[in-house]
Structures are given as structure tokens and as C-alpha cells.
Amino acid sequence: MIELAPIFVTLKLATVTTLILLLIGTPIAWWLSSTRSQFKVIIESVVALPLVLPPTVLGFYLLLALSPNGFIGGLWAYVSDTPLSFSFTGLVIGSVIYSMPFVVQPLQASFEMVGKPVQQAAYTLGANSFDTFKNIIIPLSRRGFLVAITLGFAHTVGEFGVVLMIGGNIPEVTQVLSIVIYDHVEVLEYTQAHYYSIGLLIFSFVVLFITYSFNRKLMVRI
Amino acid sequence: MIRVSYKKQLSDFLLDVDFTMPDTGITVLFGPSGSGKTSVLNLIAGLDTTGPDEESNHFQNTSNFILNNNIIDDSNKKIKLKPWLRNIAYVFQDHRLFPHLTVKDNILFGYKRRNCELDPQDLIETFKIKTLLTHTPAELSGGQKQRVAMVRALLSQPQLLILDEPLAALDYPSRQELLPYIEQVHKELAIPVIYVSHDIKEVLRLADYIVVMDKGKIIDQGDIANLCISQPLLTQQEGASFILEGRVSEIIEEDKLVKIDCGEDILITAENMPLEQNVRILIHARDVSLCLTPPVDSSILNCIAVIIEELQTDKNAKLRVLAKLGDQTIVAVISHRSAKSLNVVKGQKMYAQFKATALIK
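Protein chains in written order, with my numbering: chain A, 1 to 222; chain B, 223 to 583.
Incorrect hints may have been included.
Capping the alpha-carbon separation at 25 angstroms, the derived lysine-lysine pairs in PhoX-like fashion look like this [as the list claims (entries may be wrong)]:
#, chain 1, residue 1, chain 2, residue 2
1, B, Lys229, A, Lys116
2, B, Lys304, A, Lys134
3, A, Lys40, B, Lys304
4, B, Lys302, B, Lys326
5, A, Lys134, B, Lys334
6, B, Lys540, A, Lys116
7, B, Lys302, A, Lys116
Don't read these hints as lab results, they were simulated from the structure.
Chain B with its partners taken away, still in its complex shape (with noise of 0.2 angstroms):
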């Protein structure tokens, strides 16, 4: 378990944020910029430079940072660890490879000064440097130069992984060269990661967990899935939305889509999707029906049995209903009416209906 929590006067805000993430998976750090994301990681990391004039709010800057049952900060107990010793390793924006020296002496330079049990090896042909491994970091494109960062900072073996926005320096192609990486690093090592963005595409892609932020404050904060449902603000779509976990299972090349299999299977519209990928697909509530029997000759591609779970009346005096299907929720928002003339109460067995959406991955 991570605790976090720094209560601190920045120059035009106070920050002041509390949460405990996982120690496994990728936690992101959400927010529009200017809301504090980077000062968070900065005091995470121990990089956090306090100038005379804040210094003198010292008083209610309070900290209490834990990793693994180490205390890495606490106000109270006057500890607050030197960056070099706490063990978190950080991927910047801005890549800062070191300039004279090569990439194969840049990715030793952590693992030369800690214990690492990690095999370079290894690294090296996961993220595919070895022919980079003789160039200096101004001789690498922008999508290598932040591949070797990665390994830089894996290789320093941290207890937790810092990637501030490390695509947001990049072009397109680059990033979608990157993201793979990222996946698969927090699915071969188990490194705590946390990932800061303001990009929803990559959040929803990436994120196990997720802290909102918003002018220094955590406005809300859990498991992906629940709050893609619980914050229509996050997905930046009128009304909420919900994420499905699956795996493809088949693909429908003539028609140019795949078959998911979450449970139940459904059709996507998609192209180059490798067999066994394991997917998320994202799906408006607006865009769900729901009706009492399978329907036949419908348009619609996926109808898919689900249980009702929850009904809720949502601002706009919609009903939002909840269902299972396996153990991930779909929401559908119905009008009341709709829901008194099919009769919908919890418990009950439904068909869910909706087109072939795009996926996020």
C-alpha cells in the first residue's frame, strides 16, 4: 500500500492532496494542467524546491509519504528522505538522457548505483535498444530517446515508477510506438506506476487506478471501471460512461470487425487487431438500450444478457440503470416511463443492446 498525502502553499495555490494507491498496476494522476499533477510527482520524488518566499508558509506544509512500510516523508517525525535515497525512479517529459554520455552508459548509470538484480539484457530487447546502445542521446529520435529513459529508470530497480506525460513530447506515431512499451512494463514487472496525463485516450488505456485532480485538490479517485461511471467529466462526454475488459477472440476481416469476448461476446469495429489482445472498449450510456427479450431483425450488432443491479435518477430526471454482466457493469440511461412500461427492478434478467463502437485498444 501507497500513501500520499503533502498539504503545501504553492505560489498560487494550496496543494493539498491525500490518497492511497495500490501497489501493483498503473495509478494515474488526472487533471487539466496548471491543477498540481507535477508538484505532486515533484514531492514524491523529493525534487520539490521550496523557494524562501514559500518556505515561509512552512508551518502548514505538511507531508506523510509511505511506501512499502517505509516512511519516505513525514512532517511530524521530521523525516523527509533525499531524493537519492528514496528509491522512485522518474521518466520526465523532457527525456533528460544524460547529453556525454551513451545510451549504454546512460541506462547503467542507476544500475551501477543501486543493487539492481535486473539482467540489462533483458531490458535491452524488450524495449529493443540494443542497436542504440553506442549512440549519444542527441543521435535518437524522440520516441528512442524516451525507450531509453524508460530503461534508464527500470534499471535503477525502483519501488515505484514515475512517467510524468512521457508521450506528450511526442508525434502521433511515436506515442503509439510507446504505449505497448508502458503496458508491458507494469505486465512483467511488478513496479507500482504512477502516470501522469491529461490525455483521456491514454488514461483509459493505461490506467488500473485513477486519482482526479483539479486546482490542487483530489476531487475523486478509484478503480477505473467505477469511475468512468460515476464521472461523466472524465471520458468528456455528456452523461456517463463505462469501460469493458475482454479479449479478442475472433476476427471478422470482410466486415472489418473483431469479436470481444467479455463474458459475452460483442463486435467491434476494428482493423489490425491481433488475436488474444487483451482490449478495453469504451461505451456511452446514452448509447445502450435495454429490452426484455433478445430482439430479432434489429440493425444493431451486440444484444448481450445482463442482470439489473441498480437503478438511479440522475440530474436530469433520466434513470440510470446499472447491470452485471459477468462481474464488470454496463450502464444504460433509460426514461423513466421506458423503465415503468418494461417494468425494469433489480434482479432482472435483460438484453442489453448497442452498436459496434470504436475501442480504446
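Excised from the complex, chain A in its bound form (with noise of 0.2 angstroms):
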């Protein structure tokens, strides 16, 4: 039988990370695409970590940072008086982390391709620096952003190593599509296991398809 329950987690934690990481992925994406500042490699580093670290890496210290005795945990614990290990939100704060540099990434390099000189124009023309991001830079870069916005989701719900370390695997709280599938597949049962993947897969394929054909409709001719 196939359960409902892994597959609203799994979207609802795709969807809440997508839309935290837009609103702070942004920002650093802009950062990134505008400073001079000697930081900027050290940012885009740590900012593309996740891409070369084994997910293990990033849960085994997440989970740390995430318990009760860690930092930011402990933290959690005080102010709300709930564990953030094996939450959802913990989950989410992982993912933010872990997809970073595929929203951060698209962003920055749409917004290096639209470049100083319409924004110079726009100064010139009397708009300040948030009037140009939001009327010129943003509308040239929403090919960027739907990318971003779509491998942020697409890498979200396809993630594993770190949810497996920090989530746990509770059902209708942390249990995602990911870890039912290696549940089923641990016990031998093949065919559960194949409807999760061939769904994740056709919903994978679909959305990238949707993607980057709307993606060469939206294109500026310049």
C-alpha cells in the first residue's frame, strides 16, 4: 500500500525550504554577484560546501549543532522548550543548509549576467539601489530565479544523507519520500519500493521538463 503521509512531508518540506532559502538566498546571491569585499570567496565557499561534501559530513555536524547539548539546539531547547533534533523544523534547517547552493548559485549568476550597466542606467534615471534591484535587476532575472527556485525544490526532495542523520525517521513528522523508499528496500519489499521511486522520478522529470521549457519562453532578447 502506498502512504500519503511521506508524501505531504515531503512536499511540505521542499515547499518551506524553497521559500526560506529565496528569502535569504537572495540576498547573499546579490551580495555575492555585487562585492568587491576580500570575504566573497571565503562566502562562495562555504556557500557551495554542501556540494562536495558527503551528506553524512554536513548531518553528522548538523546533528551535533541540532541536540539538546548543542549550540544552536540548546538554544532552541531554551526558547521553546522542544528538542530540535528529529523535528521538522530541525529538518528544515538542515535542508536550508544542504540546497543553499542551488538556489544562492542560479542567483548569482543571473544577476552577474544582468550586470552593471542597465544599473548604472537606473541610477542615472534617479532610482536608488532597492528601486533598481526590485524593477530591473529582479524582472531580468527571473530565468535565474526559476531555476533556483526549482532545483532548490526538485534537490530538497530528493535529498537523503541528511535527513537520514538529523530527521530520524518518524512517520507523518520527518518521514520523507527518500527514506520510506531505503525502509522498503531494507525489508525486501520491491514493489513499495517501486512505486515511491518511479513517482519521484516521473515528478522529478516533469517538473525539470516544465522548468526549462517555460524557462526558454522567458527569455530577454536583448
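Make the complex out of the two chains shown on their own, each in a separate frame, by following the hints.
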């Protein structure tokens, strides 16, 4: 039988993560695309770390940080009186960090492509930096946003290692699709594993297909 | 009065400029590429992007830029207005229209953000862009893009308009098409214009005042008429040249000539020149000869009465004679021997002869 709860948990996690990533990833990408600061390379590297680190490494340190004895987990427990590890919130924190490069990098690239020239033109016409960002940079970066949202969302859906390390496997709370598949395979329930796997495969393909065909339509001719 | 003074260490040279330009008309910033013209423009517009390595030299960078009694930049008072607060519009070499907006939204971008009293309709008509309003920039030709960029800049009602080689990226026909619009701007709107160019034809045609730059320094500045006489370099001709301004008073079609009234009538080879058009004529001093009486039976068409004003010895040991035609100056280069035999002295009335030269505009 197919359970619906893991699907809901997965979609909820991906949606919340993507929204949070847009909120914090956009300013980070903007800063990275426009700064001449010497810290740029450091921040760039930190953001890109999840691309190269094994999810277990990231998961391990997140587990330490989120546990009631850890820095973040302890603070959280002090404020809210609930543990952060093995909770949905903890999962969101882990996913945000893990999917960060998939949102920041396309945004940064598209901000860089829009470039200084039109920005300067907007300045000389009386638009301040926020006005310029809102009315020139963002509309001209909409393809970057589309790619960032898709990759952020899809990558969170496909996440496994970090979730396993910090989320546990609590049905209806932190149990996501990739874990359910793993569980079924472990007890040799291949039929169930197939249902979920083929579902994820088709879902991922459709999302990417829609995004990339839409992406072409959004292209702004210069 | 507009005072511009900047000292700034650039990556390859020290930019050190200080000039005062009139608050009407077109001031041309002229110089070879790489002489720092665009750096000056970016400092004026507040777009200068100082890198960290340049910043380390900041102690020797100074600025003082006053526009219509407002301090825009002043390193002593630690004032540096943001570009969007300067009210200085900029037409770039590459049009820089916003690709995601229609022509209409492009030209209204600055208009909406500043309390502009100009009527967009007037400028739309002047620049003949009415039929383009619903198009996007990608659908326009190079010349059309620059016209839209000009309207966009003007509709932000700037106190100063910067034109950075607006014709450079265009082909010859588009340049010829755009030039009259630029002339119209400074006739119809009382906005001072800084025009950057390294094309001497454009300079001679448009400039009222000129600032000549080389390697980050100003090597000369002044009214265009005076500067042509003192700066042979400018016209890329050996020896001095001068400019006469006048108005087309008659068209002699069968001889392909036009008569220009510069105080006296001058005949010039030209076609397709409308009557009453204001024109400038560039004449090389070595093409001008002087005589005491108006010659008869000469093949040379132009012979005008002038009053000798000044005699200068130039570096080739020739004598440079400056003479007045009304309030305009003409220049002739003659030998000392001719000067002696003709007994040329200051205040004397003489006749200047020269051939029908070509027009600048």
C-alpha cells in the first residue's frame, strides 16, 4: 500500500525550504554578485560546501549542533522548550543549508549577467539601489529565479543523507519519501519501493521539463 | 557655472582634471581613447567604481564638483552624492535600454521618479519615436535605440546631460540621422551637455566649448573657435585652422555651390543644404592668402575684407596673421618676406582669399 503521509511531509519540507532559501539566498546572491570584498571567496566557498561534502558529514555536524546539548539545539530548547533534533523544524534547517548552493548559484549567475550597465543607467535616471533591484534586476533575472526555485525544490525532495542523520524516521513528522524507499528496500519490499521510486522519477522529470520549457519562453531578448 | 575638479589614481595613470564649463551649450571632452574621458564622466555621474586596490591610494584622491551652486562631490567636506540623487542623465555608448520594458516604459522610467515638468509628448514628437512606443528595445535599430535613450535621459529632467560617444556604435547613415537631434537638444532645452568624442568632425560640428584631454590631464580648453586656432593637433592638420560660422543665404544649384553669410558672403561647395541653415566652415590657414586690393580676374571665388588684428611668428618661422571678419577671426599663414613687401600691420584693412572649401555642417 502507498502511504500519503511521506508525500505530504516531503512536499511540505521542499516548499518551506524553498521559500526560506529565496528569502535568505537572494540577498546572499546579490551581495556575492556585486561585492568587491575579500570575504566574497570565503562566503562563496561556504555556500558551495554541500556540493562536495558527503551528506553524512554535514548531517553529523548538524546533528551535534541541533541536539539539546548543541549550540543551536540548546538555544532552541531554551526558547521553545522542544528539541530541535528529530523534528520537522530541524529538518528544515538542515535542508536550507544543504540546498543553499542550488538556489544561490543560479541567482548569483543571473544577477551577474544582468550586470552593472543597466544598473548604472537606472541610477542616473533617479532609481536608488533598492528600486533598481526591484524593478530592473529582479525582472531581468526571472529565469535565474525559475531555475533557483526548481533546483532548490527538487534537490530538497531528493535529499536523503542529511535527513537520515538529523530527522530520524518519524512517520508523519520527519519521514520523507527517500527514507520510506530505503526502509522498503531494506526489508526487501521491492514492489512498494518501486511505487515510490517511479513516482519520484516521473515527478522530478516533469518538474524539470516544465521548468526548462518555460525557461525558454522567459528569455528576454537584448 | 559648472566646476569639475577630480584627482584620482587610476590603475594605469593619475587622473588630474580641473575645469570650469559654461552652463549652457555643448562642452566637448575630446581626446584619444584611453585618455581618461570616460573616467571623468563616471566620476561626474557618481558611477565610478573604486576597487579595493585603488582605494588604498585614496588619500591622494580629491574631488570638487559643483553643479548650479549645488555641491555634488567634495572630498574636503566628505560629500559624495549617490548617482540617483545627482540629477545628471547619461546617454551611454551602448544604449543601455531596459530590455524587459517597452520603449514607452523605458522613457517614462526617469520621468516617474523625478518631478519632471517636461511634456513627454513634445519629446516623443521631436525625436519621432511615436510609432516605436509599444516596441521592446530588441526590435529597434541602433539609431532608434539611441534616440529612445536620449528621450529617456531628457525626460528625467537632468541638470546636466552626459553623452558618451553616443554615435560611436552606429554606422555612418545612423550617425548622420542622429546628429541633428543632438543639435536640437541644446537648442530647445537649456541643459548643459557634456559630449565625449574622439571624432574631430563631431567635435567641430557640435562643440561650443571644448576640453582637450590626454593621459588623464587637460592639455587645453576654451571656446571652439579660439581653440582651433591655437590647437593644430585638434584638427589633425598641419598648421592652424579656423572656424567661420554663418547662415546659408543662397543656393546656386547649377554650380553646386551655396552662399553663406558670415558677415560677408562666402561661397562653399555643397549640396542638399537647406536655406537659413546655420553652418560652420573649417578653413585651413595655409589655404588663405592676403592681398591689399581685391584682385580681379582670379580663379579663387572668395575674397573678403578683413581687419588685421595680430601678427604671430609660428614655430616654422612663418608669420601667422589673425584678422577680424566682424567678430569672427580668420587666420592666414604667410612668409615674413611677403609680410614685409605688403607691409602688413595691425589695424590694416586687407582682403583674404581662399577657395570654396567643404562644410562641416
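A quick look at each hint next to the structure:
Restraint check for B/Lys229 and A/Lys116: satisfied, since their Cα atoms lie roughly 24 angstroms apart, inside the 25 angstroms limit. Among the hinted pairs, B/Lys304 with A/Lys134 is consistent with the structure: their alpha-carbon atoms are about 18 angstroms apart, no more than 25 angstroms. Straight-line distance between C-alpha atoms of A/Lys40 and B/Lys304 comes to about 24 angstroms, which keeps the hinted pair within the 25 angstroms bound. For the hint pairing B/Lys302 with B/Lys326, the CA-to-CA distance comes to about 32 angstroms; that exceeds 25 angstroms, so the pair is violated.
Restraint check for A/Lys134 and B/Lys334: the C-alpha separation of about 15 angstroms stays at or below 25 angstroms, so the hint holds. The straight-line distance between the Cα atoms of B/Lys540 and A/Lys116 is roughly 53 angstroms, outside the 25 angstroms bound, and the hint therefore fails. Straight-line distance between C-alpha atoms of B/Lys302 and A/Lys116 comes to about 20 angstroms, which keeps the hinted pair within the 25 angstroms bound.
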